[in-house]
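Asks: Residue strings, one per chain:
There are 2 protein chains.
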Amino acid sequence: MDIAALSSSHPDHWMRATAIRALALDAVAAANSGHSGMPIGMADVATVLYSRHLKFDAARPDWPDRDRFILSAGHGSMLLYALLYLTGDAEITLDEVKNFRQLGARTAGHPENFLATAIETTTGPLGQGIAMSVGFAIAEEALRARFTSKIIDHHTYVIAGDGCLMEGVSQEAIALAGRQELGHLVVFWDNNNITIDGKVSLSDRTNQPQRFAASGWHVQEIDGHDPEAIDAAIAAAKADPRPSMIACKTHIALGHAAQDSSKGHGALTDGDQNAAAKAAWGWSAAPFEIPADIKSWWEEVGARGAAASAEWDARLAKLSGNKQAEFARTMAGEAPKKLSATIKALKKQLAETQPKVATRKSSEMVLEVINPIMPETIGGSADLTGSNNTKTADLGVFDAETRDGRYIYYGIREHGMAAAMNGMALHGGVRPYGGTFFCFTDYARPAMRLAALQKIPTVFVMTHDSIGLGEDGPTHQPIEHLAICRATPNTLVFRPADTTETAEAWEIALTQDATPSVLALSRQNLPTLRTEMKTKNLVAQGGYVLADAEGKRQAILMATGSEVAIAMEARDLLQAEGIGTRVVSMPCWELFEDQDEAYRKRVLPGGPVRVAVEAGIRFGWDRWLYGERGKREKGGFVGMHGFGASAPSDALYDHFGITPAAVAEKVKSML
Amino acid sequence: MDIAALSSSHPDHWMRATAIRALALDAVAAANSGHSGMPIGMADVATVLYSRHLKFDAARPDWPDRDRFILSAGHGSMLLYALLYLTGDAEITLDEVKNFRQLGARTAGHPENFLATAIETTTGPLGQGIAMSVGFAIAEEALRARFTSKIIDHHTYVIAGDGCLMEGVSQEAIALAGRQELGHLVVFWDNNNITIDGKVSLSDRTNQPQRFAASGWHVQEIDGHDPEAIDAAIAAAKADPRPSMIACKTHIALGHAAQDSSKGHGALTDGDQNAAAKAAWGWSAAPFEIPADIKSWWEEVGARGAAASAEWDARLAKLSGNKQAEFARTMAGEAPKKLSATIKALKKQLAETQPKVATRKSSEMVLEVINPIMPETIGGSADLTGSNNTKTADLGVFDAETRDGRYIYYGIREHGMAAAMNGMALHGGVRPYGGTFFCFTDYARPAMRLAALQKIPTVFVMTHDSIGLGEDGPTHQPIEHLAICRATPNTLVFRPADTTETAEAWEIALTQDATPSVLALSRQNLPTLRTEMKTKNLVAQGGYVLADAEGKRQAILMATGSEVAIAMEARDLLQAEGIGTRVVSMPCWELFEDQDEAYRKRVLPGGPVRVAVEAGIRFGWDRWLYGERGKREKGGFVGMHGFGASAPSDALYDHFGITPAAVAEKVKSML
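Protein chains in written order, with numbering that gives the first Met the number 0: chain A, 0 to 670; chain B, 0 to 670.
So that you can see chain A by itself, here it is in the shape it has in the complex (with noise of 0.2 Å):
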């Protein structure tokens, strides 16, 4: 590459993007560890999006109608960090920069959101970035159809390089993209054909450009060194309906000696061959040093979007009390004043009207009074809508004619749903959940684990939750998909075990603001187990004694979900034969973890046998059969302790032995 023609045809720039450059240069040299090459290829292409085209205010990061700039290639985040320091971030400091990737800094190995308020995403795992500004873009229609273009009106920018497009979740996110007709996303693809492996064609020849056309995406190809292409391809972009692919042509580590070859991927830490790049490029400045001018013109273009964000409050000043309070609320995030009086009426009449459903449908029951007087939710499946029961009747569809629909269609794409749900609860003023089998978390996974690294209150709808699917067989069963969630951190998984449960679940899902929630909910019919209206939210304890032994206390059976009744049905049995038994319901571990000690001993105190019931396996219970005041000899589990298998559901039960004689028998056992 010929850095002296790309630093004379456009001299001033040349400055400017090197300064990124060299940023990212010293800042991981520093380290002894990150990523140097993709900031140094990509900082012709940020620095003309930033000082061109991003609407952003450097002193206001949480702007509600910013441009998102989402660097999906996470790992080239001192990009990110050089563009933050350089505009002027109050919170990524010189001093963070240099502190890249140690304890406590800001400016962690690759870009976690809740560091630093300009960080919109956390990102890293390949593909996520990409798939969650899909999401992004949702978000930002849905609020520019119910608050209008005067008060969001804004693009969603992505960086993603060939890891991102090779990574499945890419395709997902494309599609959906496409097929909504995401005008104000664009991408740019870093195409600089290197992978870690060596040159992308060691394992990939696919022709981009023709696979996002493919799937309805405006398509540039340009030169990513080239200021004026990359501008004129930003306008472009902008200008076209469709959402829009730009392929910038670019140099891995431009100007290094690693340049182009995987080498340039990582770290570079040569001292002689750094030095030799700032050469080249001919920047002279001391490392980490960036001359006045050239720092006050980044400082410019910070401030550059100042004027329009003081425009902007004069507009929302000008809408109605009430929509101004309404934009406020949904934006911070919060439940409406009257959702808790909705779930309480609605937990009185089903305290009268003890329907027996499964809870999926129960949910539905739930979403039919919670979606009206939450103009925020955005629901949706993956393809398993009538399933899942997560359409509910007032909600539209949203589509390129109806964005005030609230009903996303996401096809077969669970993972892609997860991440868009993601990058919508990210962008805030929505509140997004969606469906799909509760095995198929598996596809989910990764930006499921995101939801709860990332901080954010995703809510994750997962029907058919145990043999209870019955015929569609081991593979569609999950079994060890309620461990899998609760083994992850910061993560309400809710089994509910009838409607109240579900409603109350929901409650809880709908106020929070850092924590993602799964609803396991069952196919199959269940009992309404609490026939008393309680006014108290008795899952948020997330444990509780639902019926309690008559007699002396001989046993304790603990149950979630569909196998709640189960216990119950047990309980009977027990009393029957004069063995006192309380069954305790345990719709959410991580809230009875988070209650007091006195609360938790109230709910299993010592000495009685203890028997678990979950058509899942055993793994984690343990913590509740042997720990919190229990003891080895007198703690047993009825569940699954493999696959389950193809039949009707009632069938399963019965073979697998989960049964209310099987839980009365294995408290006799240990009596």
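Hints in this document: simulated from the structure, not taken from any laboratory. Among the hints, a few may not be true.
Which residues of chain A face chain B? A few of them, derived with a C-beta cut under 7 Å, are [stated by the list, open to error]:
#1 Gln101
#2 Ala107
#3 Val168
#4 Thr194
#5 Thr205
#6 Gln209
#7 Gly215
#8 Ile411
#9 Gly472
#10 Thr474
#11 Ala482
#12 Phe618
#13 Gly619
#14 Arg631
#15 Ala646
#16 Ala650
Calculated cross-link-like contacts (lysine-lysine; reagent style DSS-like; alpha-carbon spacing at most 25 Å) [what the hints assert, rightly or not]:
#17 Lys337(A) to Lys535(A)
#18 Lys665(B) to Lys600(A)
#19 Lys600(B) to Lys630(A)
#20 Lys665(B) to Lys630(A)
#21 Lys360(A) to Lys262(B)
#22 Lys533(A) to Lys360(A)
#23 Lys600(B) to Lys633(A)
#24 Lys630(B) to Lys665(A)
#25 Lys54(B) to Lys294(B)
#26 Lys600(A) to Lys630(B)
#27 Lys360(A) to Lys198(B)
#28 Lys600(A) to Lys633(B)
#29 Lys630(B) to Lys633(A)
#30 Lys630(A) to Lys633(B)
#31 Lys360(A) to Lys535(A)
#32 Lys630(A) to Lys667(B)
#33 Lys347(B) to Lys535(B)
#34 Lys667(A) to Lys630(B)
#35 Lys347(B) to Lys360(B)
#36 Lys600(B) to Lys665(A)
#37 Lys633(A) to Lys633(B)
#38 Lys630(B) to Lys630(A)
#39 Lys535(B) to Lys337(B)
#40 Lys355(A) to Lys343(A)
Predicted, not measured: the structure shown is a model, and the values here were computed from it. We put the beta carbon where it would ideally sit given N, CA and C, even for glycine.
Based on the hints, put chain B in the right spot on chain A.
Replies: Positioned in the frame of chain A, the structure of chain B alone reads:
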């Protein structure tokens, strides 16, 4: 659709294909559950494929050189069962068809490979079939290179639906197959425009032929009900050197009232409608009855390959005795006899040299001695070759021109890699292993579960297995992933502590025939802890006493992987204070569980304080702390309690308190 025109233009074909339709309709109606429409829609394609192209011998479903047929759209399982019954498969009898989806039947809701020899794969989770098919095709190429086309020369045929193509993993599969120019792979796309939620256009408008073409596939578009067009397309697909996709325009539930509707996707159980459909088809036989002429035609189809199969035997018999034995050994999945001696020799050398290396490097050292004696291994990595240490000097690279190469650059496609490896393992004759970062088991998870469910010995080499990964931060640091893998039935999860344990783990993994293995390996260097040569494979016991207490045994430390060294240092601290401390290395919980009670009791006697040390979450450890003669008051854990952070590895171990001093303190707090 003009059924009369279809039936009159190819009357014989029509009735033969309709035999499939009738069986599917009858079986689903009898089960009152299942998917009628897909078998009805794809019956013409299947009939032409089986009768004119598929190389198979119904009497010999395990003929190694048979063509493979993979029903990626696994919900259409009755298509497969009908074909097997009609062609005379010994296991899928008429009784089995009548017992569709009932407990104990071979005719499960979705095809399960272990229920009948002729069922090649377990499918149902969408996209898995097409992704596994890439592995089948790779295995075929590799074996052809090794044993010549006289012995191995067959095709892999796949039926995929819209769901398969919407799943992201399909993109990974398509791109990998295109890159590898897998010309013996032919995918039929059941292009029926219908998904569960409605028309495909609700959620997708992707031009699928264009998308396949973008990755180098040969693409054709045909009327999927025209037998001559189907025949010609298959012939053209076989003639083309590229992988082929045949877009078959079909009508789901052809001729039924539910034709071309999402209702047609599911179970068609309305008696009148079903009778009307049969009338429209011109089918007058009783339920489950196949007219003799049609059945005998299909049985001739099933017998057509008998001659070819016998000729193949003759060709095999002409190979040298050694070659025949080697072919038999690898197809049977048997490890070579010298594996055991090779591992022992390595262990002897390790006891002498006591290397201090990361276990990912240990793994490479083991592979360096294994790969030369196991020509059936096929290694690879999802673009982390240098980090996963999966490539040894002798392997060569598998590519279009070098099919004898045994290393695959999978690209950034963890899911596609895992599924392809499953396909290879199912094909037989090769033994796949592949690597990525342990955290990205998340991406591979649906395929890892399917390895366990399918009872195949895929080996997942998962490096960078804890916060020891360091600066890349929490997105890349597995915390809950040991729990996730351990929670999965039929999976051996190894976390070796040093090179010797790594060697023993590999020996076990490579001698499995029905269980996948996960090797969780460290990024950071670890000391040799097994300093004495022991002939016995201690890892095979799952857990064992690495260092016993000196003096009175007051504490037992249990640890895995990189934390065993920390436990050993903690033991030194405790012993120095006179606290007799045993260290138990537990590299494989599942194998330890399999030991008899007496052995487990010797390793974990009741009495002493127990502390588990693992740089993951506690989830699951209570079994060993409180269970197995343990006591709640005397069990403690040192490990992670949430997500990690971005910092150098040592700083993280200190920050999260996973240190010898912390372990010693934990012990003393409970004495």
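Asks: With reference to the structure, classify each hint as holding or not holding.
Replies: Quick rundown of the hints versus the structure:
no. : hint                   : verdict
1   : Gln101                 : 6 Å, holds
2   : Ala107                 : 4 Å, holds
3   : Val168                 : 5 Å, holds
4   : Thr194                 : 5 Å, holds
5   : Thr205                 : 5 Å, holds
6   : Gln209                 : 4 Å, holds
7   : Gly215                 : 6 Å, holds
8   : Ile411                 : 4 Å, holds
9   : Gly472                 : 4 Å, holds
10  : Thr474                 : 4 Å, holds
11  : Ala482                 : 4 Å, holds
12  : Phe618                 : 4 Å, holds
13  : Gly619                 : 6 Å, holds
14  : Arg631                 : 6 Å, holds
15  : Ala646                 : 4 Å, holds
16  : Ala650                 : 5 Å, holds
17  : Lys337(A) to Lys535(A) : 15 Å, holds
18  : Lys665(B) to Lys600(A) : 24 Å, holds
19  : Lys600(B) to Lys630(A) : 18 Å, holds
20  : Lys665(B) to Lys630(A) : 21 Å, holds
21  : Lys360(A) to Lys262(B) : 20 Å, holds
22  : Lys533(A) to Lys360(A) : 21 Å, holds
23  : Lys600(B) to Lys633(A) : 19 Å, holds
24  : Lys630(B) to Lys665(A) : 21 Å, holds
25  : Lys54(B) to Lys294(B)  : 19 Å, holds
26  : Lys600(A) to Lys630(B) : 18 Å, holds
27  : Lys360(A) to Lys198(B) : 24 Å, holds
28  : Lys600(A) to Lys633(B) : 19 Å, holds
29  : Lys630(B) to Lys633(A) : 12 Å, holds
30  : Lys630(A) to Lys633(B) : 12 Å, holds
31  : Lys360(A) to Lys535(A) : 23 Å, holds
32  : Lys630(A) to Lys667(B) : 22 Å, holds
33  : Lys347(B) to Lys535(B) : 12 Å, holds
34  : Lys667(A) to Lys630(B) : 22 Å, holds
35  : Lys347(B) to Lys360(B) : 18 Å, holds
36  : Lys600(B) to Lys665(A) : 24 Å, holds
37  : Lys633(A) to Lys633(B) : 17 Å, holds
38  : Lys630(B) to Lys630(A) : 7 Å, holds
39  : Lys535(B) to Lys337(B) : 15 Å, holds
40  : Lys355(A) to Lys343(A) : 19 Å, holds
Violated hints are absent here; each numbered hint is respected by the structure.
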